[in-house]
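The whole structure should be built from the sequences, with the hints applied where relevant.
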Amino acid sequence: MNQYTLLGKKPTRFGFGEALVELGEWSENVVVLGGDITGSVLTSFFKEKFPDRFFSIGIAEQNATTIAAGLALSGKIPFFSSYSAFAAFRCADQLRLSVCYNEANVKIGGGHSGITVGPDGATHQSLEELSFLRSLPNLTLLVPCDYLEAKKATIAIGKSFGPAYIRFGRSPVPMFTKEETEFEIGRANVLRKGSDVAIIACGIMVWEALQAAEELQEKHGISAMVINNHTIKPIDVKTIVDAALECKTIVTAEEHQIYGGMGSAVAEVIAKNYPVPIEFVGMKDSFGGSGEPEELMEKFGLTRREIVLSALEAVKRKKKNTHSYKNVVDVAV
Amino acid sequence: MNELLKFDEKLFKNQKRKAQEFEEIAIEIRRDIIKMLFQAKSGHSGGPLGIADIFAVLFFGAYMNYKAEEPSWKERDRFILSSGHYCPVLYSALARAGFYPVEEMATLRKFGSRLQGHPGRDMGLPGIEASTGSLGQGISIAVGMAISDKYLDKNEQKVFCLTGDGELQEGSCWEAAMAASNYKLDNLCWIVDNNDCQIDGRVQDVMNIYPLDEKFKSFGFNVIVCDGHNFEDIISAFEQFSNNSKKKIGKPCVIIAETKMGRAVSFMEDKHQWHGNPPNEEQALIALKELK
Numbered sequence: 001m002n003q004y005t006l007l008g009k010k011p012t013r014f015g016f017g018e019a020l021v022e023l024g025e026w027s028e029n030v031v032v033l034g035g036d037i038t039g040s041v042l043t044s045f046f047k048e049k050f051p052d053r054f055f056s057i058g059i060a061e062q063n064a065t066t067i068a069a070g071l072a073l074s075g076k077i078p079f080f081s082s083y084s085a086f087a088a089f090r091c092a093d094q095l096r097l098s099v100c101y102n103e104a105n106v107k108i109g110g111g112h113s114g115i116t117v118g119p120d121g122a123t124h125q126s127l128e129e130l131s132f133l134r135s136l137p138n139l140t141l142l143v144p145c146d147y148l149e150a151k152k153a154t155i156a157i158g159k160s161f162g163p164a165y166i167r168f169g170r171s172p173v174p175m176f177t178k179e180e181t182e183f184e185i186g187r188a189n190v191l192r193k194g195s196d197v198a199i200i201a202c203g204i205m206v207w208e209a210l211q212a213a214e215e216l217q218e219k220h221g222i223s224a225m226v227i228n229n230h231t232i233k234p235i236d237v238k239t240i241v242d243a244a245l246e247c248k249t250i251v252t253a254e255e256h257q258i259y260g261g262m263g264s265a266v267a268e269v270i271a272k273n274y275p276v277p278i279e280f281v282g283m284k285d286s287f288g289g290s291g292e293p294e295e296l297m298e299k300f301g302l303t304r305r306e307i308v309l310s311a312l313e314a315v316k317r318k319k320k321n322t323h324s325y326k327n328v329v330d331v332a333v
Numbered sequence: 001m002n003e004l005l006k007f008d009e010k011l012f013k014n015q016k017r018k019a020q021e022f023e024e025i026a027i028e029i030r031r032d033i034i035k036m037l038f039q040a041k042s043g044h045s046g047g048p049l050g051i052a053d054i055f056a057v058l059f060f061g062a063y064m065n066y067k068a069e070e071p072s073w074k075e076r077d078r079f080i081l082s083s084g085h086y087c088p089v090l091y092s093a094l095a096r097a098g099f100y101p102v103e104e105m106a107t108l109r110k111f112g113s114r115l116q117g118h119p120g121r122d123m124g125l126p127g128i129e130a131s132t133g134s135l136g137q138g139i140s141i142a143v144g145m146a147i148s149d150k151y152l153d154k155n156e157q158k159v160f161c162l163t164g165d166g167e168l169q170e171g172s173c174w175e176a177a178m179a180a181s182n183y184k185l186d187n188l189c190w191i192v193d194n195n196d197c198q199i200d201g202r203v204q205d206v207m208n209i210y211p212l213d214e215k216f217k218s219f220g221f222n223v224i225v226c227d228g229h230n231f232e233d234i235i236s237a238f239e240q241f242s243n244n245s246k247k248k249i250g251k252p253c254v255i256i257a258e259t260k261m262g263r264a265v266s267f268m269e270d271k272h273q274w275h276g277n278p279p280n281e282e283q284a285l286i287a288l289k290e291l292k
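So the sequences go chain by chain: S and X. Following the working numbering, the numbering of the first sequence begins with 1 at its first residue and continues without gaps. Following the working numbering, the numbering of the second sequence begins with 1 at its first residue and continues without gaps.
Treat the hints as calculated values from the structure; they're not laboratory data. Please note that a few of the clues may not be correct.
Okay, the calculated bits of chain X under chain S, using three or more residues with CB under 8 Å as the criterion [claimed, not checked]:
(1) 125 to 134
(2) 138 to 148
Selected chain X positions facing chain S (in silico; Cβ < 10 Å) [to be verified]:
(3) Ile80
(4) Asp122
(5) Val159
(6) Ala176
(7) Ala179
(8) Gly220
Dumping the calculated EDC-like pairs for lysine to aspartate or glutamate here, alpha-carbon to alpha-carbon at most 20 Å [what the hints assert, rightly or not]:
(9) X:Lys248 x X:Asp153
(10) X:Lys292 x X:Glu269
(11) S:Lys159 x S:Glu22
(12) X:Lys217 x X:Asp205
(13) S:Lys47 x X:Asp153
(14) X:Lys292 x X:Glu24
(15) X:Lys184 x S:Asp52
(16) S:Lys9 x S:Glu180
(17) X:Lys154 x S:Asp52
(18) S:Lys178 x S:Glu18
(19) S:Lys9 x S:Glu268
(20) X:Lys289 x X:Glu9
(21) X:Lys154 x S:Glu28
(22) S:Lys318 x S:Glu268
(23) X:Lys74 x S:Glu28
Beta carbons: idealized from backbone N, C-alpha and C, even for Gly.
This is the structure in structure tokens:
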């Protein structure tokens, strides 16, 4: 039985925007840089409250990221936010050198991430950035699962030292975590206990995973553990390996390409520590397109149904204990 | 090793000087560059030799406020080397100012050295304010620092930054220029080493960036063009910046320094082939003979 129920819907970007205001009250060193789309990524809340600590940089993400590094090297705690499609890859070089190699205390908010951007289409649906970001030394990388966790995660990176990137989305998504739900950087949360298969998810796929676990129990008699793996880096090795030891098979689920994302990070941990079969739910090596978020999630297989099918496959592989050479793009959608 | 290739112990104070006094310092810096690069067996000779006169005045003419014995002194002015490959000239200036032991210059580019091939803040060499080397980024870091000084800490401190001329082909330099002007950063002094050389040849042949003065003027800068090998001219440029900064003219400053790559070493001067090469022992000894 799930202890998490639907509490309504709200975009994760509100958690980010509201947290910035709280951080602004917490320390005068918190400053925010704008990249024109402040009303979208909700740095506008901070701008209204603390106009003297808000600096508009215009549509110049590389400059903003690097100016943030200069502010950080001056003892400030700068946040810069843009769409992930630009904040990550366009600024890859700046993030690598000026932010991470400098170990500058810069915080990046990657907004409008994933397929749920919806109608804007493939150009604005960043589905690849985790692969690159998690390879950057010194960077903390977070993908919160709902509005409240986005708020907690933003406050957590603001109050801890070091480069950090937080990924959040545009559209309203289920809220289910509560004030008392624990959040600690680097510690994955076991949201549901289970023994047959461990579903490790991040972002909006955590809610889908909880729903999938219900269905697996009710229709298939399969006991699924659900883990909210909100910290992609530093990854929680212990919780992941414990899940493998307990369930002996894993399904990962993320709103991101299956190549190089959270699932790949889990696979690295598992391959090294306790190899078990893994099934990957995510974008299967393709770009997105225009449509409503739900339509797109259905088309690209980012649903509880996909997680259920993958869990059944994972359990089958565990029982057979055979090798399979199936290409990942052939996973049933 | 030949005695001539060792580093002597000379240190220089950061004080008001007459133009001719900088000659000795610039020669010492150029000698350091030759010795460092010879020992490293790799690295960039041309740019650092060409900008040595500017460094002599900036670091030892009391235009930049710093305390070598207290590198993180809160009231210091800061220098950012956006063209990170110029680091031998910065390493020499820092050593000659007393930031770190002179003999450590012999470790340039060696395993475990604080004198990395491009400045690495992680190695903790005193005086290195930022890791730089991917061109076009240091100037944006400097803009961030100048914003912090002017608007958040509201102090009178200054930020100096060197970029190359070829570096200005990086588009983000002009994003930085826009922001510097937009935020009226009169505490920012951007030095452009206009030696008209880059790895592939003359700047206008690789990708024309000229006319530079007009470009910067149209971006809202106070533009100062100076002969980068004439100390009177260099002094006057930094004086102008200091005065304008004090007067808070509301405009960032760019000093376009007309220089020759490889300056003062006959076989290197104005030769782009010396952008990224070190001298061998024979060449180093000839160069040192010329640098007296």
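Here is how each hint holds up against the structure:
For the stretch 125 to 134 of chain X, the proposed coverage by chain S is satisfied: 6 residues have a C-beta within less than 8 Å of a C-beta in that chain, meeting the threshold of three. For the stretch 138 to 148 of chain X, the stated coverage by chain S holds: 9 residues have a C-beta nearer than 8 Å to a C-beta of that chain, and at least 3 were required. Restraint check, Ile80 of chain X versus chain S: the minimum CB separation of about 8 Å is within 10 Å; hint holds. Of the supplied interface hints, the one on Asp122 of chain X holds, with its beta-carbon coming within about 7 Å of a beta-carbon of chain S, less than 10 Å.
Using the Cβ-Cβ criterion of 10 Å, the hint placing Val159 of chain X at the interface with chain S is satisfied: the shortest such distance is roughly 8 Å. At its closest, the beta carbon of Ala176 of chain X sits 6 Å from a beta carbon of chain S; the interface hint therefore holds under the 10 Å criterion. For the restraint placing Ala179 of chain X at the interface with chain S, the shortest Cβ-Cβ distance is roughly 6 Å, inside the 10 Å limit, so the hint holds. Taking 10 Å as the C-beta contact cut-off toward chain S, the hint placing Gly220 of chain X at the interface is violated, the least distance being around 14 Å.
At most 20 Å may separate the alpha-carbon atoms for a hinted pair to count; Lys248 of chain X and Asp153 of chain X meet this at roughly 16 Å. A distance of roughly 16 Å separates the Cα atoms of Lys292 of chain X and Glu269 of chain X; the hinted pair therefore holds under the 20 Å criterion. At roughly 11 Å between alpha-carbon atoms, Lys159 of chain S and Glu22 of chain S fall within 20 Å of each other, so this suggested pair holds. A distance of roughly 23 Å separates the Cα atoms of Lys217 of chain X and Asp205 of chain X; the hinted pair therefore is violated under the 20 Å criterion.
As the CA atoms of Lys47 of chain S and Asp153 of chain X are separated by approximately 19 Å, the hinted pair is consistent with the 20 Å bound. Between the alpha carbons of Lys292 of chain X and Glu24 of chain X the distance comes to roughly 8 Å, so the proposed pair stays at or under 20 Å and holds. Taking the CA atoms of Lys184 of chain X and Asp52 of chain S, the gap is near 15 Å; set against the 20 Å cutoff, the hint holds. Between Lys9 of chain S and Glu180 of chain S the CA atoms are separated by roughly 19 Å; this keeps the pair inside 20 Å, and the hint holds.
For the hint pairing Lys154 of chain X with Asp52 of chain S, the CA-to-CA distance comes to about 12 Å; that is within 20 Å, so the pair holds. Restraint check: the Cα-Cα separation between Lys178 of chain S and Glu18 of chain S comes to about 16 Å, which is no more than 20 Å; the hinted pair holds. Under the criterion of a C-alpha separation no larger than 20 Å, the hint pairing Lys9 of chain S with Glu268 of chain S is inconsistent with the structure, at around 33 Å. For the given pair, Lys289 of chain X sits about 19 Å from Glu9 of chain X by alpha-carbon distance, which is consistent with the 20 Å threshold.
Between Lys154 of chain X and Glu28 of chain S the CA atoms are separated by roughly 13 Å; this keeps the pair inside 20 Å, and the hint holds. Of the pairs offered as hints, the one joining Lys318 of chain S and Glu268 of chain S holds, with about 18 Å between alpha carbons and a cut-off of 20 Å not exceeded. With a C-alpha separation of about 18 Å, the suggested pair Lys74 of chain X and Glu28 of chain S falls inside the 20 Å cut-off, and the hint holds.
Checked against the numbered hints above, the structure breaks hints 8, 12 and 19 and satisfies the rest.
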